[in-house]
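Student: Dock chain one against chain two, each of which comes alone in its own frame, and use the hints as you go.
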Amino acid sequence: MGNGTSIGRVRGLGSAKGGVHHWLLQRFTAIGNLISVLFLIVSLVLLPDYSYGTIVEWIARPVPAVMMILLVVTTFWHARLGLQVLVEDYLHDHANKFAAIAALNLAACGGIAFGVFCIVRIALGAHA
Amino acid sequence: MTLPQARGFVSAMANAGTKNRPLSPHLQIWKWGPHMFVSILHRVTGDGMAFAGLAVLLWWLGALAGGPASYATFAWAMTTPIGYLVLVGISWAFFSHMASGIRHFFLDVGAGFELQANRLWSILCPVLGVVLTAAFWALLLLR
Numbered sequence: 000m001g002n003g004t005s006i007g008r009v010r011g012l013g014s015a016k017g018g019v020h021h022w023l024l025q026r027f028t029a030i031g032n033l034i035s036v037l038f039l040i041v042s043l044v045l046l047p048d049y050s051y052g053t054i055v056e057w058i059a060r061p062v063p064a065v066m067m068i069l070l071v072v073t074t075f076w077h078a079r080l081g082l083q084v085l086v087e088d089y090l091h092d093h094a095n096k097f098a099a100i101a102a103l104n105l106a107a108c109g110g111i112a113f114g115v116f117c118i119v120r121i122a123l124g125a126h127a
Numbered sequence: 002m003t004l005p006q007a008r009g010f011v012s013a014m015a016n017a018g019t020k021n022r023p024l025s026p027h028l029q030i031w032k033w034g035p036h037m038f039v040s041i042l043h044r045v046t047g048d049g050m051a052f053a054g055l056a057v058l059l060w061w062l063g064a065l066a067g068g069p070a071s072y073a074t075f076a077w078a079m080t081t082p083i084g085y086l087v088l089v090g091i092s093w094a095f096f097s098h099m100a101s102g103i104r105h106f107f108l109d110v111g112a113g114f115e116l117q118a119n120r121l122w123s124i125l126c127p128v129l130g131v132v133l134t135a136a137f138w139a140l141l142l143l144r
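If you read the sequences in order, they're chains R and P. Here the working numbering is used: the first residue of the first sequence is 0, the next is one more, and so on. Here the working numbering is used: the first residue of the second sequence is 2, the next is one more, and so on.
None of these hints come from the bench; they were simulated from the model. Since we're looking at a predicted model, the values are computed, not measured. One should not assume that every hint holds.
Claimed, not checked - In silico negatives: residues of chain P with every beta carbon more than 12 angstroms from chain R:
| # | residue |
| --- | --- |
| 1 | P26 |
| 2 | P35 |
| 3 | M37 |
| 4 | A76 |
| 5 | I83 |
| 6 | L86 |
| 7 | V87 |
| 8 | D109 |
| 9 | G111 |
| 10 | F114 |
| 11 | L125 |
Claimed, not checked - DMTMM-like mimics (lysine to aspartate or glutamate), calculated; alpha carbons at most 20 angstroms apart, straight line:
| # | chain 1 | residue 1 | chain 2 | residue 2 |
| --- | --- | --- | --- | --- |
| 12 | R | K16 | P | D109 |
| 13 | P | K32 | P | E115 |
| 14 | R | K96 | P | D48 |
| 15 | R | K16 | R | E87 |
All C-beta atoms in this analysis are idealised placements derived from N, C-alpha and C, irrespective of residue type, glycine included.
Looking at chain P on its own, in the form it has when it is part of the complex (with noise of 0.2 angstroms):
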């Protein structure tokens, strides 16, 4: 027979080390730079692409598959004031992902952790996703 006391103690043995441990200092510790903006924007864009991104493509797939009249309905909503906000946000994210994303494969094979070249492309994958988000929207509604 196991005393409490002693359950007690098995207990607080299997979860030492995971309560009230000190943690590593978080955001709000940290001098901020162009790398934490980018690496959060990273984050932000995919997560919110796999939501409100995936979310549209099957919307916008569905209502083909259904047929003129769903698609009437999807074309609608896409045109509202909302709509286009969706689809520039969308575009935006997916641009800025893509930048950043690249900047990650060149991290991938150690290139561009100099000081320089790293706060350069930080500031650079964001401002690209920007002005490409710009160049797509100029494309598709100047032709």
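Chain R on its own, in the form it takes in the complex (with noise of 0.2 angstroms):
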């Protein structure tokens, strides 16, 4: 291992181990969005109007219900791992990249928990 240039000091220690896992979950929330964010259209095209009363009658029916929460969470994660390859391609300062990535990570955990809050007060019935 030398101790030269940035390619030097890594030739030899194998792989990062960690990036095939960002990979493949990116992979996998990405077959998530797809099959829930199409599920949200078809609904929207299926729906006669987006009065209150329709969109709300709607949502909190069980099936629609878990597939929103499902939507929140999917779409949430799915963004969280592309804005931080966006953050570690653009933003090279170590301490403003592990700034990002931790607004990045409260960000993302917050709208989650507020997204799946909203539906289960619909769905149960506590809103109005």
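Tutor: Structure follows, in structure tokens:
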């Protein structure tokens, strides 16, 4: 192992080990997005109108409620993985990168929590 | 005791290879092709949806959970010209990202790297994104 160039210092150490996990999760959540967002799109096309009563009646039903909860989880997870790559590609300063990833994790978890809570609240009839 | 010069040398060794190294050629140096466009479009639509798409999704769910009054505010905002622009933009980003994302699945299994096929699908994916967006809004508005 050399200590000259970037490649020289990592050559012979093997892979980073963690990269495949990120790559696979990006694919798994992509399949989740495909199914859940297409469910939402088909539902929007089939709904008679977008009045408050119609949407609430639809989203409170068991299958749409569960599909929308899964949609929130899978899209936020996928977005979190995608934005991580954006951060890693364009933020080169270690402190900025750490801060951005920390903020990204908080935002993704917060988004999932808020979205799921709203759907559960509507589905259990606590709205209005 | 370490001499200042020696410390400087050690520090330079630790940082060697991270500063002022030649970088690989960037965008402006290559002859443009559709595969470059579809790759950049995939990132732009994905990261765009991560901000605008998920924000609107949470606003929608939050407004629904908040009751008829908050839903009326959301519905008003989304039916202004800017609201429609945002919604059409998000749907276009989704269909484009979906098309290029499915292209990625084919590339992942090693298919579609032949020059002709790669060029063809690089052109078709953005076109498919626009066509599906138009079809979606036609279904919504013309029923």
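Student: All hints are to be evaluated individually against the structure, with a verdict given for each.
Tutor: Outcome of the hint check:
1. P26: 16 angstroms, holds
2. P35: With a cut-off of 12 angstroms, P/P35 remains clear of chain R, as the shortest Cβ separation is near 22 angstroms.
3. M37: It holds; P/M37 is separated from chain R by about 15 angstroms at its closest Cβ, greater than 12 angstroms.
4. A76: At roughly 7 angstroms from the nearest Cβ of chain R, P/A76 sits no farther out than 12 angstroms, so the non-interface label is violated.
5. I83: Given that every Cβ of chain R is farther than 12 angstroms from that of P/I83, nearest at about 18 angstroms, it holds.
6. L86: For P/L86, whose nearest Cβ neighbour in chain R is about 18 angstroms away, the distance exceeds 12 angstroms, so it holds.
7. V87: Fine: 15 angstroms to the nearest Cβ keeps P/V87 off the interface.
8. D109: 7 angstroms, violated
9. G111: The assertion about P/G111 holds, with a minimum of 15 angstroms to chain R.
10. F114: P/F114 is indeed farther than 12 angstroms from all Cβ atoms of chain R, at 18 angstroms.
11. L125: It holds; P/L125 is separated from chain R by about 18 angstroms at its closest Cβ, greater than 12 angstroms.
12. R/K16 <-> P/D109: With Cα atoms ~19 angstroms apart, R/K16 and P/D109 stay inside 20 angstroms; holds.
13. P/K32 <-> P/E115: 18 angstroms, holds
14. R/K96 <-> P/D48: Roughly 17 angstroms separates the two Cα atoms, so the pair holds.
15. R/K16 <-> R/E87: Holds, at about 17 angstroms.
Violation of the numbered hints given earlier is confined to hints 4, 8; the remaining hints are satisfied by the structure.
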